[in-house]
Amino acid sequence: MTAEMGWYLYALLPPGIAPSGTGIDGRSPLRLIAEGGVAALASAVPLAQFGEEGLRRNLENAQWLEEKVRFHEAIVETAQSRGPVLPMKFGTIFLEADSVRTVIRKNTERVRAAFALLRGKTEWGVKGLVAQGTLRAAVLRTDPALAALSAEAGAEAPGRSYFLRRKLAEAALAKARAQVDALAQQARDAINRHVVEVAEYSALLPRSPEGNPVVLNVACLVAQEYVDGLLTEIERFNGTHAEEGFRLVASGPWPPYHFVPQLDGDE
Amino acid sequence: MCRSLTVMNSRLSGATLEHHVTLLETLDRLLNKGVVVAGDVTLSVADVDLIYVSLRLLITSVETWGRGMGEERP
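Taken in order, these protein sequences are the chains called A and B. Counting in the working numbering, the first sequence runs without a single skipped number right up to 268 at its last residue. Counting in the working numbering, the second sequence runs without a single skipped number right up to 131 at its last residue.
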């Protein structure tokens, strides 16, 4: 290792089969840096690209970042197909392999406990999206009070009708909002029956590409034998609530990014 | 990557939406979650706003696909 190289870490895993393939730079071979029953999946990277200054510059380059993110993810997924993995955050780089061993030594028990929890499980993402126009129409159609108000607004003289229409729009909006909350809670309850652990977090983008707001965003830790049940539950939920414009979108299996411990570094 | 997506009635084609969702979910996980080692032992990108970086990349991607789908360029 020359002064110009560092170690890029992809994941922690139980030691075993030597990894094959190349690392995130597309050249250096994947290696295991092992210590006391825990191995770090790593590869050497040039600091010109991955050092503090180089990385900061490269993060400005969308094409570079997308390519490297996909490399990182593909390497972690390959490792996950063989056993439990603790995926590292993107851009975790050590200058010395010895520092990696020190960190593993300091956190061995924590890491082993995580392996035990994560074995045979994967992460799934579930987003709840609502088509607001569809939901509003459903609310107007099905809520008796709103339907009555709508009929009344249609029958009145123009001045009074305008007032009633505004009242109707406000009532429909309030009702639609309450319905979104109720459906999101129903979705949480349905999902919870199939998962070990759930992490709810705010979505990176508040809307889907079609412009529908993301009203529920969760990461789920799911045991292998429950994955089919979860996906079936989601399809059933979507079938039941299609007319209300509420839809769940699942993605996975992912490495368990939301369910890993944080590690102590310094003394 | 093998992703199972329960996507229906989308204005976007399935493949495009899948690409988008996959990139979105990937960035969300790799750049914002995963094992972090506390302290100064790693080279730090902590002072880089990775959420901002993620958003910019996503917006670039959406624009690129938009053009691919025949939308007008500004």
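Worth flagging that the hints you see were computed from the coordinates, not collected in a lab. Any given hint could be a false lead.
As the list claims (entries may be wrong) - With a Cα cut of at most 20 angstroms, we get these calculated SDA-like pairs of lysine to any residue:
(1) A:Lys176 to A:Gly160
(2) A:Lys107 to B:Leu80
(3) A:Lys168 to A:Gly134
(4) A:Lys168 to A:Asp144
(5) A:Lys107 to B:Val93
(6) A:Lys168 to A:Arg194
(7) A:Lys176 to A:Thr123
(8) A:Lys107 to B:Gly96
(9) A:Lys176 to A:Ala158
(10) A:Lys107 to B:Asp97
(11) A:Lys107 to A:Thr123
(12) A:Lys107 to B:Leu107
(13) A:Lys176 to A:Ala149
(14) A:Lys168 to A:Ala138
(15) A:Lys168 to A:Val197
Predicted, not measured: the structure shown is a model, and the values here were computed from it.
Verification of the hints:
no.	hint	in the structure
1	A:Lys176 to A:Gly160	violated, 25 angstroms
2	A:Lys107 to B:Leu80	violated, 34 angstroms
3	A:Lys168 to A:Gly134	holds, 18 angstroms
4	A:Lys168 to A:Asp144	holds, 15 angstroms
5	A:Lys107 to B:Val93	holds, 14 angstroms
6	A:Lys168 to A:Arg194	violated, 40 angstroms
7	A:Lys176 to A:Thr123	violated, 37 angstroms
8	A:Lys107 to B:Gly96	holds, 13 angstroms
9	A:Lys176 to A:Ala158	violated, 26 angstroms
10	A:Lys107 to B:Asp97	holds, 15 angstroms
11	A:Lys107 to A:Thr123	violated, 26 angstroms
12	A:Lys107 to B:Leu107	violated, 27 angstroms
13	A:Lys176 to A:Ala149	holds, 14 angstroms
14	A:Lys168 to A:Ala138	holds, 16 angstroms
15	A:Lys168 to A:Val197	violated, 45 angstroms
Consistency with the previously given hints fails for numbers 1, 2, 6, 7, 9, 11, 12, 15, ordered from lowest to highest.
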